[in-house]
Structure formats: C-alpha cells, structure tokens
Amino acid sequence: MSERAGVSRREFFRMLGGGIVVCVGCAALPGFGQNRWPRYPEEVDAYLLIGADGRVTVFSGKIEMGQGVMTSLAQMAAEELGVELQAIDMVLGDTDRCPWDMGTFGSMTTRMFGPALRAAAAEARSVLTGLAAARLGVSADRLTVHGGVVSVTDAPSRRVSYAELAAGKRLMRRVGAATVLKAAADFQVMGRPAARLDARAKVTGEAKYAADLRLSGQLYARVLRPPVHRAQLRSLDTSAAEAIDGVTMVRRDDLVAVLHADPQHAGAALAALRPQWQLPQEPGPDDDSIFGHLAESGVPLTESAHRGDVVAARAAAARVFASTYRKGYVAHAPLEPHAALAEVSAGRATVWASTQTPFPTREHVAHALGLAPEAVRVITPFLGGGFGGKSADRQAVEAARLAQLCGRPVQVAWDRSEEFFYDRFDPAAVVTIASGVDAARRVTFWDFTVYAAGERGAAHVYDIPDLRIRSGGGMSYEQSAAPQQLHPFEVGPWRAPGANMNVFAIESQMDIMAAACGEDPLEFRLRHLSDARMRGVLQAAAAAFGWQAAAAPSGRGVGMACSTDAGSYVAACAEVAVDEAKGTVRVVRVVCAEDLGIVVNPEGARMQIEGGVTMGLGYALSEELHFRGGDILDRNFGTYQLPRFSSVPRIEAVLVRNDALAPQGGGEPPITIMGAVIANAVFDASGSRQLRLPMTPERVLAGLAESRHHAS
Amino acid sequence: MAATVEFRLNGRPVSLGAGRSQSLLWALRGELGLTGTKYGCGIGACGACTVLVDGRAVCSCLRTLGDVEAREVVTIEGLAQGGKLHPLQQAFLDNGALQCGYCTPGMILGAHALLASTPHPSRAAIASAMEQHLCRCGAHQRILAAIESVASRAEHAHE
Numbered sequence: 001m002s003e004r005a006g007v008s009r010r011e012f013f014r015m016l017g018g019g020i021v022v023c024v025g026c027a028a029l030p031g032f033g034q035n036r037w038p039r040y041p042e043e044v045d046a047y048l049l050i051g052a053d054g055r056v057t058v059f060s061g062k063i064e065m066g067q068g069v070m071t072s073l074a075q076m077a078a079e080e081l082g083v084e085l086q087a088i089d090m091v092l093g094d095t096d097r098c099p100w101d102m103g104t105f106g107s108m109t110t111r112m113f114g115p116a117l118r119a120a121a122a123e124a125r126s127v128l129t130g131l132a133a134a135r136l137g138v139s140a141d142r143l144t145v146h147g148g149v150v151s152v153t154d155a156p157s158r159r160v161s162y163a164e165l166a167a168g169k170r171l172m173r174r175v176g177a178a179t180v181l182k183a184a185a186d187f188q189v190m191g192r193p194a195a196r197l198d199a200r201a202k203v204t205g206e207a208k209y210a211a212d213l214r215l216s217g218q219l220y221a222r223v224l225r226p227p228v229h230r231a232q233l234r235s236l237d238t239s240a241a242e243a244i245d246g247v248t249m250v251r252r253d254d255l256v257a258v259l260h261a262d263p264q265h266a267g268a269a270l271a272a273l274r275p276q277w278q279l280p281q282e283p284g285p286d287d288d289s290i291f292g293h294l295a296e297s298g299v300p301l302t303e304s305a306h307r308g309d310v311v312a313a314r315a316a317a318a319r320v321f322a323s324t325y326r327k328g329y330v331a332h333a334p335l336e337p338h339a340a341l342a343e344v345s346a347g348r349a350t351v352w353a354s355t356q357t358p359f360p361t362r363e364h365v366a367h368a369l370g371l372a373p374e375a376v377r378v379i380t381p382f383l384g385g386g387f388g389g390k391s392a393d394r395q396a397v398e399a400a401r402l403a404q405l406c407g408r409p410v411q412v413a414w415d416r417s418e419e420f421f422y423d424r425f426d427p428a429a430v431v432t433i434a435s436g437v438d439a440a441r442r443v444t445f446w447d448f449t450v451y452a453a454g455e456r457g458a459a460h461v462y463d464i465p466d467l468r469i470r471s472g473g474g475m476s477y478e479q480s481a482a483p484q485q486l487h488p489f490e491v492g493p494w495r496a497p498g499a500n501m502n503v504f505a506i507e508s509q510m511d512i513m514a515a516a517c518g519e520d521p522l523e524f525r526l527r528h529l530s531d532a533r534m535r536g537v538l539q540a541a542a543a544a545f546g547w548q549a550a551a552a553p554s555g556r557g558v559g560m561a562c563s564t565d566a567g568s569y570v571a572a573c574a575e576v577a578v579d580e581a582k583g584t585v586r587v588v589r590v591v592c593a594e595d596l597g598i599v600v601n602p603e604g605a606r607m608q609i610e611g612g613v614t615m616g617l618g619y620a621l622s623e624e625l626h627f628r629g630g631d632i633l634d635r636n637f638g639t640y641q642l643p644r645f646s647s648v649p650r651i652e653a654v655l656v657r658n659d660a661l662a663p664q665g666g667g668e669p670p671i672t673i674m675g676a677v678i679a680n681a682v683f684d685a686s687g688s689r690q691l692r693l694p695m696t697p698e699r700v701l702a703g704l705a706e707s708r709h710h711a712s
Numbered sequence: 001m002a003a004t005v006e007f008r009l010n011g012r013p014v015s016l017g018a019g020r021s022q023s024l025l026w027a028l029r030g031e032l033g034l035t036g037t038k039y040g041c042g043i044g045a046c047g048a049c050t051v052l053v054d055g056r057a058v059c060s061c062l063r064t065l066g067d068v069e070a071r072e073v074v075t076i077e078g079l080a081q082g083g084k085l086h087p088l089q090q091a092f093l094d095n096g097a098l099q100c101g102y103c104t105p106g107m108i109l110g111a112h113a114l115l116a117s118t119p120h121p122s123r124a125a126i127a128s129a130m131e132q133h134l135c136r137c138g139a140h141q142r143i144l145a146a147i148e149s150v151a152s153r154a155e156h157a158h159e
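In the order they appear, the protein sequences are chains A and B. Take the first sequence: its letter number 114 is residue 114 in our numbering, and every next letter is one higher. Take the second sequence: its letter number 107 is residue 107 in our numbering, and every next letter is one higher.
No lab work stands behind these hints: they were computed from the structure. Even glycine gets a Cβ: it sits at the ideal position worked out from N, Cα and C. Hints are not guaranteed to be accurate.
Label-pair distances were calculated between CB atoms; the ranges are [to be verified]:
id : chain 1 : residue 1 : chain 2 : residue 2 : range
1  : A       : W277      : B       : L62       : 46 to 52 Å
2  : A       : R274      : B       : G33       : 30 to 36 Å
3  : B       : A116      : A       : Q539      : 46 to 52 Å
4  : A       : G147      : B       : A116      : 41 to 47 Å
5  : B       : K84       : A       : R650      : 28 to 34 Å
6  : A       : E698      : B       : L62       : 42 to 48 Å
7  : A       : G147      : B       : G55       : 41 to 47 Å
8  : A       : A516      : B       : G55       : 56 to 62 Å
9  : B       : K84       : A       : V91       : 25 to 31 Å
10 : A       : Q278      : B       : R71       : 32 to 38 Å
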C-alpha cells in the first residue's frame with residue numbers, strides 16, 4: 001500500500017464500522033481503470049459491505065438519473081449474495097465513500113460494471129458460506145443460502161445468518177478471477193420484474209435533487225450570462241444591484257454573480273445589473289445554413305470500415321441511390337436544470353451536484369479552487385434526468401468558486417434559459433450515402449460518410465460486399481468535444497450520441513432501396529442479414545406488430561427500422577397517420593423488440609424501451625434548436641417542443657430472450673431507431689421521403705408537394 | 001414591513017411575513033422547506049411546480065402568496081396520510097410511472113385535480129388534461145395507465 005492510498009485498512013474499517021468487505025476491481029474491463037484514485041487499501045472500482053446488521057451496502061461511483069441502475073445493480077448484488085432485494089442499500093456517486101468511476105453514460109453500467117459487482121457478491125457469498133461451514137461444523141457444499149441465512153441443506157434448523165457471521169469481523173477480500181456467477185436458470189432476483197427502489201421517495205416528494213438541499217447560512221447565486229455565445233463583457237454597472245439589501249457581489253475573472261440569502265432577491269439583483277456586451281463580429285451559421293457549413297468545413301475524414309472496392313462496385317451497379325440526410329441540434333432538456341450546492345471551509349470543499357460524472361467533476365472543482373482532488377468531495381443526489389447532458393458540470397464549478405470566494409455555502413441552480421444556453425447540444429449532422437443494387441436486387445455497395453455526428457451507429461450488420469464508412473468532425477468518448485469552430489456553441493454526448501443520426505440515415509436508405517425494388521421492407525432487410533440476433537429482433541417486432549408484407553408506399557403508414565447499439569439489438573415497427581392538409585404526423589403505435597442478453601430487471605428494461613421510444617419522438621418530429629450563430633433562440637418549453645401526452649403512441653416492448661449472453665446496454669439502444677422508423681412509416685403512408693429531422697409539419701407538407709409534383 | 005399572508009398548507013394554518021408578491025413556488029421551496037414542488041421552467045410550461053389550490057392544479061411558479069391568501073394549498077408532501085400513500089401515489093408506484101422522478105409530484109397533483117373534477121375520465125381525457133405536464137424520461141404511457149387505474153375504480157378517495 002503506497003503513501004498515496006489515503007486510508008489504511010484499519011482506518012477503512014473504522015470508517016465502515018466493521019463487517020465483511022469485498023472489493024471489485026474491473027481494470028480489465030474496457031472503459032474502466034483509467035486514472036483511478038488510489039484512496040482505498042486495494043485498488044478497487046467498487047465494493048460491498050456486509051454489516052453486523054446483515055444489511056448489504058454497495059458503494060459505487062455510478063449515479064441514478066432515472067435509468068434505474070440503483071435497482072438493477074441491487075438486484076445483481078442480491079442475486080449473487082443470496083439475500084432479499086430489500087436487504088441492499090446503495091451508496092452511489094459519493095466521491096469520499098465510493099471508489100473512482102469515470103461516469104454514468106454509454107449504457108455501460110449494467111454491461112461493464114454489472115459483471116464485476118456480481119463477482120464481488122458471489123465472492124462475498126463464498127466467504128460467508130465458508131464462515132458458516134466452520135461455525136456449523138459441516139462442509140460448505142452441504143449448505144444452502146436463502147434470504148441472508150445459511151443453513152444445513154438436510155437439517156435446516158442448523159442455521160446462521162449473514163448478520164451473525166459478519167458481526168465483529170474485519171475481513172477484506174478481493175474478487176478472484178475464478179469467481180463463478182449464477183446461471184440464468186438459477187436466478188431468484190435477477191430476471192424478475194423489480195419495483196424501483198427509488199419509487200416511494202419519488203412519489204412522496206422526499207427524493208432530494210441538488211437544488212433541494214439546504215445548508216445553514218447558504219446564499220443563492222445568480223450568475224451573469226452573456227446574451228449570445230462568444231460575447232465579451234465590455235463594462236458593467238453594478239450600482240443598482242448592490243443597492244439591494246443583503247446582496248453580495250462577486251466579480252472574479254470571467255465569473256460575475258450576485259448572491260443573496262433569498263433566491264428571489266438574487267434574481268432581482270441579477271436583473272438590476274447593467275452590462276455592456278461586445279457581440280462577436282461574425283454571427284456564424286444559423287439553423288438552416290449550418291448543414292452547408294458542416295459538409296463544407298473541410299474536417300478530415302477518417303475511415304472506420306472499408307472492404308472491397310466501392311468505386312468499382314458503384315460503376316457496376318444496376319441502380320445507384322444517393323441521398324443526403326440532415327438533423328438539427330437537439331437539447332437534452334432534462335426536467336431538472338443543472339444545480340449544485342457547495343461548501344468550502346478549512347481547505348476542503350464539498351459539492352452536492354447534479355452530475356453524471358462525480359469523479360471528473362471532483363477534478364474540475366479541485367482545479368478551479370486550487371485544491372488537491374482529495375480535498376474535494378462530490379456527492380450526487382438523485383438526478384432529474386441526464387441523457388448525457390449532465391456530463392457537463394459547469395454549475396458545480398461555479399458554486400464551488402463562489403462558495404470559496406464568499407466563505408459561505410452557495411447554491412447555483414440554473415433557470416431554464418441558462419439550461420438551454422449552456423446545453424451541450426446533440427450536434428447537427430449530415431450523412432451522405434451512396435448505395436446500389438445489382439440486377440438481382442442485391443445490395444452490392446455502400447458508401448457512407450457522416451459529418452459531425454461521430455461514428456457510433458455508423459457500422460451496420462447488413463451483408464454488403466463493398467463498403468466504406470467515413471466520419472469527420474465527430475465526437476469521441478475519449479474527447480467528448482467536437483473540433484473547434486465546427487459548431488457555434490458547445491455540443492456533447494446526447495443519449496446514444498451519433499447513433500440516432502446514423503441509424504436514421506442507414507435505415508432510411510435501406511427502405512429507399514426496398515421501395516425502389518418493389519419489395520417488402522422486412523423481406524428486403526432479412527435478405528441482407530445473416531446476423532442471427534438482428535434477424536431475431538426484426539422477426540420478433542414484426543410478429544408482435546402483425547406485420548403484413550407489402551412494398552412501400554402501401555398507404556397503410558407502417559414502417560420498420562433496426563439497429564445495434566451498446567451490445568444490444570433492437571428493431572421496431574411503427575404505424576403513423578399523416579394529415580396531408582396540415583403536414584402533421586401522429587404516431588399511433590410502436591412495437592419495439594430488443595435483445596439485450598440476460599435481462600436483469602424486465603420491468604426496468606421495458607421502461608427504458610418505452611422511454612427511448614417516447615423521447616425519440618422528439619428528435620424525429622418536433623425537437624430542433626433554433627439559433628443564429630451563438631444566439632440561442634429557444635430558451636424555454638414555449639418554443640422548444642418536447643413530446644407530450646397527446647403525441648405518445650401505444651408502445652409495446654418485446655424482450656427477446658437471450659440468456660446465453662451476459663446483460664448488455666439498455667438505456668440507449670431503443671432511441672436510435674426512432675427517426676428511421678417514423679420516416680419509413682411516413683413514406684409508406686404518403687409516398688414522401690423525409691430526409692431531414694425533425695419531420696416538422698412544414699417539411700412534411702413540402703415533401704408531399706414535391707412527391708405530387710414528381711408524380712404528375 | 002411586508003404584509004403577512006395566511007393560508008392553509010397541507011391541512012395546517014401557516015402565516016408568512018414575506019409579502020403578498022412573494023412567489024408561491026419559492027416560498028414553498030425556501031421558507032416552508034417543501035422541496036417536493038420542483039422548478040422546471042418558471043413560465044408555467046412544464047407542470048413540475050404544480051400544487052393544488054382549493055383542489056385545483058396550478059403552476060406555483062406563476063402564483064404569489066397573495067394569490068393563495070385564505071386558501072387551501074396542498075403540495076406532494078401533503079398527500080400521504082399517516083404514512084399511507086394516496087391512491088394516486090400508490091398507482092404511480094405500482095405502474096412504474098416514473099423514472100427520474102422530477103416531474104412526478106406535479107404529475108400526481110395534476111391527476112389529483114383532474115379526478116376531483118372528473119372522477120372517471122377516459123384515457124383520452126386524461127391525456128388531454130395532462131398535456132401541459134412534461135416528462136423527459138418518457139414515462140407517459142405508464143403515467144396514463146396509473147391515473148386510469150385509479151379513475152377506473154368505482155370509488156376513489158381524494159381529499
């Protein structure tokens with residue numbers, strides 16, 4: 001154990017109050033093990049504790065933002081340990097109590113952290129069973145575990161509880177490589193629908209979010225914001241604001257804020273500030289000219305896949321289809337705006353923040369305050385939605401800086417306008433596809449280029465001999481930022497980043513070719529698919545939907561799409577009604593089938609499917625940021641239209657059983673197909689092909705007029 | 001000296017000296033410590049701050065203390081009685097009608113007001129009544145099912 005390790009084993013147990021600890025190290029798993037902060041006696045990613053009261057506490061740096069991992073992780077631990085779900089307590093996203101974690105995103109919690117947690121729980125069970133064997137004087141293989149009690153299988157009255165076994169112990173184990181996990185057939189807790197552990201607190205209003213927390217003597221801060229991105233503050237008259245009784249004014253470098261013990265007075269002080277701004281000389285592109293800007297930006301293209309010779313195949317094709325697809329910027333718009341409460345005293349900072357990335361947030365806060373990361377504690381209460389947008393933690397840094405400068409606890413809770421202004425939007429993007437078929441209606445080549453969305457979802461599993469996939473100007477996990485100057489404001493990861501755009505383009509293109517070949521979209525897809533999981537989800541969705549084979553446009557308004565994301569496969573069929581006079585699209589029904597390997601919580605998986613389908617209606621039909629350069633024109637829900645009750649179709653979630661595969665990602669895959677499945681259904685209804693998202697009434701009407709023109 | 005405003009809150013009389021023009025939302029969340037009522041948009045466009053005033057659902061971000069003087073205000077904290085959840089709260093729980101939970105208090109109170117005025121609404125009428133409530137997680141279908149499950153009962157309690 002090195003000096004940097006922070007606490008000794010003895011101190012660690014003093015902190016925990018004794019018991020049996022099993023540490024999880026998942027360094028071998030991709031996406032973990034980077035920059036881990038070695039403050040634990042072992043290098044660990046999480047650990048669980050069996051206390052003297054028999055309760056099991058799981059400590060993990062993951063966070064709960066509605067996706068349900070508080071419940072599904074508890075199910076995994078309960079299953080492998082052999083305890084009731086109710087015996088598990090989850091401590092999430094607290095940087096002092098939980099080991100380092102890079103953040104909660106990418107549908108990685110279940111598929112990457114899950115196996116490690118299960119292994120730790122299985123190891124704990126093995127340790128406890130060993131202790132019980134010694135206590136009961138029988139060999140471990142004669143013991144049965146149920147509900148946290150170990151009993152002799154053929155003499156059940158001889159028993160000892162986990163609580164009794166853990167009492168007085170200070171035992172630490174590390175997960176061994178050979179830990180055997182339970183098979184799906186033996187599951188008692190996993191694979192069964194579990195009610196959310198957070199539901200009761202959320203229906204009673206007891207659940208705390210960052211803006212709900214209060215500290216004695218705290219100030220509410222309002223921060224001065226520029227009217228547009230890249231504006232510079234030229235001068236500031238603070239006299240009227242400072243005349244308000246009780247106002248504290250902070251002006252330090254780029255941070256200008258007014259603070260007050262009453263949030264209303266802080267708001268009044270903000271309104272009383274008289275700033276003069278220098279606006280940027282060049283306004284930059286707007287929400288229409290952005291697409292030309294992206295495609296002509298000259299960003300270098302990198303090739304992520306290449307086989308065969310697309311140029312020769314194009315020349316040899318019987319028919320060639322060239323399309324350009326576009327999608328605007330989309331906001332995360334979580335119902336809870338970013339918020340943080342910070343306290344800085346005696347060289348230590350504590351920040352309660354709505355963040356998907358508590359450990360990176362700790363680094364950012366430490367850097368801003370000039371403290372060592374160990375001197376900063378980030379605590380993550382419930383998040384009121386994240387969707388990738390709360391990987392950005394500007395509000396936490398602001399609160400911490402202000403708390404340090406004022407010497408009092410400070411809350412920074414953004415209003416909706418700030419939330420829109422500082423959203424790191426899902427980027428506008430352009431995809432061009434050239435593809436072609438031979439005389440036998442077989443797709444022979446696929447030449448795909450995506451600008452600005454990134455590579456995720458650009459690969460597909462269709463059997464196409466000659467293929468090229470290129471990407472320019474996209475984001476990557478490692479560097480969740482786009483190239484400079486490509487966008488007029490910041491962009492960032494948005495639920496299945498890139499995949500929504502790429503799958504829209506891929507699955508629209510497949511439909512275009514199927515229609516041109518006069519073939520049923522399902523038959524056409526299956527004819528190009530040898531991937532068994534994709535065939536499985538397509539057939540499951542079609543069966544549950546009652547898909548009737550017909551070439552589009554059939555006038556029925558039905559469409560389908562499929563994709564693979566985060567290790568899962570997903571397919572959907574949708575029915576829409578297009579109002580040809582108004583251009584409105586009403587989605588009547590969506591059947592979504594998903595193969596996500598072993599399903600930990602079927603109820604939770606269905607919620608994620610329903611949630612993804614519903615949220616996906618937004619980017620497909622109504623959500624698009626309006627802007628002129630750095631001037632964000634949509635600042636609230638009056639103009640930026642989220643899906644509403646009236647727009648929600650009947651949604652049927654179908655879980656395709658695949659117990660041979662470890663659990664895969666569930667939070668993101670279903671949303672990826674929503675652009676294409678609706679566009680394909682709109683085409684089937686109307687004969688008009690929509691190539692740009694969202695499919696607003698105006699664009700649908702324009703498309704209908706164009707298709708009538710071509711028909712006449 | 002700001003005027004004192006008196007009203008009933010979750011069945012108890014309260015008296016606040018913050019003045020009639022004080023925002024109801026911030027009085028609830030601040031001085032009264034009832035943080036179950038959420039800020040979402042500040043313009044009455046999301047429903048997260050919904051409370052009941054004399055049984056009707058209102059956006060507390062658009063109301064002042066003066067607006068509720070001598071009235072009965074109910075927040076999410078006032079629905080459960082003696083630890084027993086209100087049927088709507090129980091229905092949201094049973095139907096898994098929430099994810100992040102941030103819109104949930106407003107949803108439940110919005111539904112409460114609907115069922116008080118229309119005890120047995122159709123599903124379409126429920127959707128229409130809830131139209132101004134936003135949920136970003138996409139729990140809409142389950143929220144409708146939860147409300148419908150209460151509405152379909154011959155008798156359901158609403159205080």
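Results for each hint:
Separated by about 30 Å at the C-beta atoms, W277 of chain A and L62 of chain B break the suggested range of 46 to 52 Å. R274 of chain A and G33 of chain B have their C-beta atoms about 35 Å apart, which keeps the hinted 30 to 36 Å range intact. Separation of A116 of chain B from Q539 of chain A is about 47 Å and conforms to the stated range, judged on CB atoms against 46 to 52 Å. Between G147 of chain A and A116 of chain B, the C-beta spacing of about 43 Å keeps the proposed range 41 to 47 Å intact.
Between K84 of chain B and R650 of chain A the beta carbons are some 33 Å apart, a value that agrees with the proposed interval 28 to 34 Å. Checked against the given bound of 42 to 48 Å, the beta carbons of E698 of chain A and L62 of chain B, roughly 31 Å apart, lie outside it. Between G147 of chain A and G55 of chain B the C-beta distance comes to about 45 Å, which sits within the given range of 41 to 47 Å. In this structure the supplied range 56 to 62 Å holds for A516 of chain A paired with G55 of chain B, their Cβ-Cβ distance being about 59 Å.
Roughly 29 Å separates the CB atoms of K84 of chain B and V91 of chain A, a value that falls within the hinted 25 to 31 Å. Against the hinted window of 32 to 38 Å, the Cβ-Cβ separation of Q278 of chain A and R71 of chain B comes to about 49 Å, which falls outside the hint.
Consistency with the previously given hints fails for numbers 1, 6 and 10, ordered from lowest to highest.
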